[in-house]
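**Q** Each chain, written out:
Protein chains: 2
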Amino acid sequence: MTDAALAERDGGTAWRRIADELAEAIARGEYHPGDTLPASVALAERYGVHRHTVRQAFRHLADQGLVTVARGRGTQVTAPRVPYPIGRRVSMRANFGKLGIVGTSRVLSAAMEEGAAEACVALGLKTGTPLWRVEGLSLGDGVPMGTGVHWLSVERFPDFDRAFREAGASMTAAFRAYGIEDYVRLSTRLTARLADEREAELLQIAPEAAVMVSTAVDALPDLTPIHLVSSVFAGERMEMVIEPFRD
Amino acid sequence: MTDAALAERDGGTAWRRIADELAEAIARGEYHPGDTLPASVALAERYGVHRHTVRQAFRHLADQGLVTVARGRGTQVTAPRVPYPIGRRVSMRANFGKLGIVGTSRVLSAAMEEGAAEACVALGLKTGTPLWRVEGLSLGDGVPMGTGVHWLSVERFPDFDRAFREAGASMTAAFRAYGIEDYVRLSTRLTARLADEREAELLQIAPEAAVMVSTAVDALPDLTPIHLVSSVFAGERMEMVIEPFRD
Numbered sequence: 001m002t003d004a005a006l007a008e009r010d011g012g013t014a015w016r017r018i019a020d021e022l023a024e025a026i027a028r029g030e031y032h033p034g035d036t037l038p039a040s041v042a043l044a045e046r047y048g049v050h051r052h053t054v055r056q057a058f059r060h061l062a063d064q065g066l067v068t069v070a071r072g073r074g075t076q077v078t079a080p081r082v083p084y085p086i087g088r089r090v091s092m093r094a095n096f097g098k099l100g101i102v103g104t105s106r107v108l109s110a111a112m113e114e115g116a117a118e119a120c121v122a123l124g125l126k127t128g129t130p131l132w133r134v135e136g137l138s139l140g141d142g143v144p145m146g147t148g149v150h151w152l153s154v155e156r157f158p159d160f161d162r163a164f165r166e167a168g169a170s171m172t173a174a175f176r177a178y179g180i181e182d183y184v185r186l187s188t189r190l191t192a193r194l195a196d197e198r199e200a201e202l203l204q205i206a207p208e209a210a211v212m213v214s215t216a217v218d219a220l221p222d223l224t225p226i227h228l229v230s231s232v233f234a235g236e237r238m239e240m241v242i243e244p245f246r247d
Numbered sequence: 001m002t003d004a005a006l007a008e009r010d011g012g013t014a015w016r017r018i019a020d021e022l023a024e025a026i027a028r029g030e031y032h033p034g035d036t037l038p039a040s041v042a043l044a045e046r047y048g049v050h051r052h053t054v055r056q057a058f059r060h061l062a063d064q065g066l067v068t069v070a071r072g073r074g075t076q077v078t079a080p081r082v083p084y085p086i087g088r089r090v091s092m093r094a095n096f097g098k099l100g101i102v103g104t105s106r107v108l109s110a111a112m113e114e115g116a117a118e119a120c121v122a123l124g125l126k127t128g129t130p131l132w133r134v135e136g137l138s139l140g141d142g143v144p145m146g147t148g149v150h151w152l153s154v155e156r157f158p159d160f161d162r163a164f165r166e167a168g169a170s171m172t173a174a175f176r177a178y179g180i181e182d183y184v185r186l187s188t189r190l191t192a193r194l195a196d197e198r199e200a201e202l203l204q205i206a207p208e209a210a211v212m213v214s215t216a217v218d219a220l221p222d223l224t225p226i227h228l229v230s231s232v233f234a235g236e237r238m239e240m241v242i243e244p245f246r247d
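As you go down the protein sequences, you meet chains F and E in turn.
1 is the number of the first residue of the first sequence in UniProt numbering; add one for each residue after it.
1 is the number of the first residue of the second sequence in UniProt numbering; add one for each residue after it.
Just to be clear, a hint being listed does not mean it is correct.
[Stated by the list, open to error] Not the full set, but computed from the structure, chain F residues with beta-carbon under 7 angstroms of chain E: (1) 88; (2) 89; (3) 95; (4) 187; (5) 190; (6) 196; (7) 212; (8) 235; (9) 239; (10) 241; (11) 242; (12) 243.
[To be verified] Simulated crosslink set (SDA-like; lysine to any residue; CA at most 25 angstroms straight-line): (13) F:98 to E:122; (14) F:98 to E:187; (15) E:126 to F:80; (16) F:126 to E:122; (17) E:126 to F:245.
[What the hints assert, rightly or not] Computed far set for chain E versus chain F, every beta-carbon distance over 12 angstroms: (18) 34; (19) 77; (20) 143; (21) 165.
For the record, the hints were derived by calculation from the structure and aren't laboratory data.
Built from N, CA and C at the ideal position, the CB exists for glycine as well.
Turn these sequences into a full structure, and let the hints guide you.
**A** Written as structure tokens, this is what we have:
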């Protein structure tokens, strides 16, 4: 019997009632972010339902971003996902600021390399053009949100490793050091996959948790591409928001 | 020792050479979509490196969408991810058509319910307003791509269960039956999490594979919301593309 079939046996809406009551308890502050909810077995007994029905309630809460269900760690109350608008202008630091979140970043590595075909095409350069490959980690209120690898032309951005560090790993601030006061988000490609070991370590998420993978190109206001960034964001902490009529 | 440290021991770029050679072999057609690459142990022996170095190469290929690494199933060559533009107009069927992919959909369930607060707020309705809750599955060339739950006003869309079935579970076609020839995508929220059992079954992906979760609102051209849809897409098969300057 599948989970769905077992849950069905308890009545199609039993899970919903349980989910609603748990959501209310969270809203009342009975459970705080980081708290673990009672185990599905205990709740199943309390409500007189199959534990799969409780799990369905947990999943519903997880879908709403209220809890995180991790194997072996139980069901934890999460802080709400931070919305990150992907519009014509994208700046994590500015976005965090608007939300009252303190955004900080760290440079993890910086090196020059011969640009691979993919990166050079995205930047409108010939394959093999020297590129900066700069790796950063972004935090919101001290919690890791995303980590990304940035590629930029060495010719266009001499000493970028130093500039990026001096800018506190803020791309907006680093661009300003090169006289670029404004830039736009040309394209963003988003998908989902499991975190690898290093990403999980950097983002402080469970090994094999889901991450959002973003490949984005920023450009000058005249739409000349200047910056390619390939990032992973903790799925449990961030959500991308696309509202084309707001731009 | 961490994976990264072990790989480092083989030289920082050993994994890249292996990844490049495998990518070329895939490009040459030596491996086809669905084929399993040699195991990391075998490749480690062939290249004289630690198996973690090979795994790093696999992960790089996975990030590029060339392979899928699943525990216990090895590393499989994937079809490239289908790009799905999230612009001012979003239609999966129309998008598939442009890519030469045959899009089909199936209605999984249809029911009326008192609208929960979240859904009603998104649709600009009072909490408790009767809503259709319609569940669909979308396939591209017969492969499941996404499954979603749609909410619409019962008053605005009488007999929607029938209309949606008659429209072959195409929202665009169903809207047309109500005289709506055009609609726009007001907002899309995207995040990532692990698939639950039912989703994995519907999408034919590994249990606990990563899915992209989308919560989207469609509106009439005058921006009156008419449709809320909460979907999950197979992360290994789809990528969302946001290009605000193309709209």
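**Q** Evaluate each hint against the coordinates.
**A** Here's how the hints hold up against the structure:
1. 88: 5 angstroms, holds
2. 89: 9 angstroms, violated
3. 95: 14 angstroms, violated
4. 187: 5 angstroms, holds
5. 190: Since chain E brings a Cβ to about 4 angstroms from residue 190 of chain F, closer than 7 angstroms, the hint holds.
6. 196: 5 angstroms, holds
7. 212: 4 angstroms, holds
8. 235: 3 angstroms, holds
9. 239: At about 4 angstroms, which falls below the 7 angstroms cut-off, the nearest Cβ of chain E leaves the hint on residue 239 of chain F intact, so it holds.
10. 241: 5 angstroms, holds
11. 242: OK, holds: residue 242 of chain F within 7 angstroms of chain E, min 4 angstroms.
12. 243: At 5 angstroms from the nearest chain E Cβ, residue 243 of chain F passes the 7 angstroms test, so the hint holds.
13. F:98 to E:122: Within the cut-off at roughly 22 angstroms; holds.
14. F:98 to E:187: At roughly 19 angstroms apart (the allowed maximum being 25 angstroms), residue 187 of chain E and residue 98 of chain F satisfy the hint.
15. E:126 to F:80: Holds, because 24 angstroms separates the two Cα atoms, which is no more than 25 angstroms.
16. F:126 to E:122: 46 angstroms, violated
17. E:126 to F:245: 24 angstroms, holds
18. 34: Residue 34 of chain E clear of chain F: closest Cβ-Cβ about 18 angstroms, beyond 12 angstroms.
19. 77: Consistent with the label, residue 77 of chain E stays out of reach of chain F, its closest Cβ about 16 angstroms off (over 12 angstroms).
20. 143: Correct as stated: the minimum Cβ-Cβ distance to chain F is 16 angstroms, above 12 angstroms.
21. 165: 20 angstroms, holds
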